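J.: Heads up: the sequence lines are chains A and B, in that order. Position one of the first sequence corresponds to residue 1 (our numbering), numbered consecutively onward. Position one of the second sequence corresponds to residue 1 (our numbering), numbered consecutively onward.
Rather than coming from a laboratory, the hints here were simulated on the basis of the structure. All values derive from a computational prediction rather than experimental measurement. Hints may be right or wrong, so weigh each one.
[Said to hold, decoys possible] These stretches of chain B come out as covered by chain A in the derived footprint (C-beta under 8 Å, 3 or more residues):
1. 9 to 15
2. 97 to 106
3. 112 to 123
4. 131 to 145
No residue lacks a Cβ here, since even glycine has one placed at the ideal position from N, Cα and C.
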Amino acid sequence: MNQARKVLSTYSSDTFGVISALYGLGGLLVMHDASGCNSTFTTHDEPRWYGDDGLVFVSAVTEEEAVMGTAGDRLAADMIEAAEHFKPNFTAIASTPIPWMTGSDIDLTAAEIEEKTGIPSFGFDVSGMKSYEIGASMALLALAKRFCNAPNPSVKGGVNILGATPLDLEDEQYEHVKAVIEGCGLNVISSWSMKGRFEDLAKASSAEVSLVVSVTGIDTAKYLFEQFGIPYVIGLPCGPVTDSAVASALKNAVKEKKCISVFDGFVSDRDAVTVVIGEPVAARSLAMEKNAVLSNDDTGNISVKGNVRVISPIVDSPNIEALLSDGDIMTTSETEIEDELSKCKTVYADGLYRFVCPEDAELIKVHHRAYSGRIM
Amino acid sequence: MLKQTGLEYSVPARGGWTIVHVGMLVPEAHEIFVCAAGCLRGVVLSAAEMNLTDRFSTVAIEEHNVTDGDMEELLVEGVTDILNRLKKRPPCVLIYTSCIHHFMGTDLDDCFRILNERFPDVDFVDCYMTPTMRKSTLNPDKMMRKRLYAAIKPLKTDDRDVLLCGNCFAVSETSEIKTLIKKAGKRLLELPAIDNYSDYKKLGSAGLIISNLSVAKDAADELAEKLGIKSLQIPFSFGYEEIRDNLEKLAKEIGTTYDTFEADKARADEALRKAHDVIGNCEIAVDGMITTRPYSLARLLAEHGFNVVTVFSDSVGGEEADYEWLEKHVKGIRFEKCVSPEMRTFTPDDTVKILALGQKAAYFTQTGYFVDMVENGPLYGFDGIVELSRMMTDAFLNVKDLKKTLDIKGWGCESCI
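Given the sequences, and given the hints that come with them, work out the whole structure.
T.: If you want it as structure tokens, here you go:
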């Protein structure tokens, strides 16, 4: 029974992925939910809650509204009033299980808000039943299509950081990514969306290259490539090996105008006794970092057989599979993960995996907010 | 200014206990939540923060379950799989279903019938995480207090046993409730003070049920009816007369008398006076998290000369008289609804020292001087007022790390990592 978990936690949901990706950009964000989603998000998933006045609310849908189908009308009226009060850069509604199941027309509600207020508005018809990367990816792509839809004069050395949210990155990791970019003579002109600014979103079309630091940024990267010819690099700098690989790949992508995954040619060993569990871009980057053997040519291509393998415990995004190699697996099954770990000696994973880590294996904790929230 | 918008804000001060924490009061029970990922997210991490992951499992509902109509099979087979994989079979399993089961008309009766047949050695209790019912008469909080006692079966009544029903925390040993119970030669049974399932089942011998929280009244009444005994309400309050009336009512019911009112009142007055000597005219903010009677508390303090400036609470329910008294007698007092969207941008006056009573009041006023307690803690009666006076004095004198305190979900919990 893949859906039953005796002891393991659950990853942040698509609903929270939407809100996390949009947070910090001056939007009015509403989870169309009875209750609980807001407290979970603010309790566990959103560290910026304390230092920022981000506007995140729930619609507080009631049983009667859900049964009678009146929640959408009330939500539109409430959000119009709130939008006129707070004057946000945009508004967004993320659905949750009950509105999803009852077929609430989130897009219609968003359209009504936009028509009445003139404020760009989005509806995200997520179910609250998938993992966060789906929602975050959807939100970032929607932002790009709406606010970055015209070409701009190219900025030499300009880089977009795509797929950065606190669900996957800590502040220190983000700063490290930025330092690697700047270290190779490039500069960040837009960040999607952690540490980003709303007014910079439109400037993304002037970048020379995008750096995708999590799976949530891939759809946006593809959009920017298809619309404006901006190539992208996939990889998270997290140490000397990946710093170098990403830096080389960025320079090469700019030069050759081609998209590069730093994982191309990097094949995990199915029998490796060291495993990394996590978001696939971060996990594969860490796996590269922990490999003893490295062959890195000046084009940024890696061609080694890895002795560390990856388990992606999130499976919903269609972009995940392409990030993994033959020796890696993607699964949400607790028993399968437990079985895989039983063969391991070293496990890099969030601390909550300690409950399925064999006693004779070493667990090296890598905090992942999308999994254990703010528990460290 | 926003009108009464339906949008709600959630304060990141999460000391209040959730249904996960409350359910864990059933000793040795295992909780299994059957919900969508978004709903599981909060509860699974609550269990982790309680350091009780070994008593907590989940079954994730996926989109295909909704369209395939196999919700019953998912629940039954998911729970079966978990129970078969646990190292030790729990004596009791609390199965929490969610809003989606009820909107889809999931046949829960049949699910529990099958599970009872498969696991005859387990007491299964149906629990409900249904936030769409939050504003209904029988809301999830009231329902959870009821389900806490669902596995108790009637035993031979022992008139010496008095069960205090529905509290998350045991009342203080020095409270007047316990003094009266002892005086009458009886024993007070409290779920938070019980640590094994065998003793939990013995609650079925209670000869009288008392309750002091409004959210526990339905639980007390239902259990009393099941056991064929009386349920007595002695509502929590900070009002002297109300406390006296309740203690007299309890004393009469258990065959004794409450005859220390004047002495207890004097003790409470003296404690408040001493606290006021230290705290003086410092601004005080009270919230509805520290106590179930924030307006009663604010009134008590105002009547004793404290400078109460704000009450943060989401409703006045049941406290209309205290609310009206405060409005009439405390000039400039503010009543703030915590869930109002405007509270997201609430700006405290950071030029003055504020003493906050409760985590939400502390969050909104951004003060490190606060009393950290939820849902009345162990307080009751005049003894509770004495203890609260001590806590206020301590909070006024000793600053706390606000963010560190607010970061932990469920008062009294810790990280499991």
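J.: Does each hint hold? Answer for all of them.
T.: Going through the hints against the structure:
Figure legend: the region 9 to 15 of chain B, annotated as covered by chain A; annotation consistent (5 residues with Cβ-Cβ distances under 8 Å, at least 3 required). Three residues within the 8 Å Cβ limit are the bar, and the region 97 to 106 of chain B against chain A gives 5, so the coverage statement holds. Under a criterion of three residues with beta carbons nearer than 8 Å to beta carbons of chain A, the stated coverage of the region 112 to 123 of chain B fails, only 0 such residues being counted. Only residues whose C-beta sits within less than 8 Å of a C-beta in chain A count toward coverage, and the region 131 to 145 of chain B has 6 of them, enough to reach three; the restraint holds.
Going through the hint list in order, the structure does not satisfy hint 3, though it satisfies all others.
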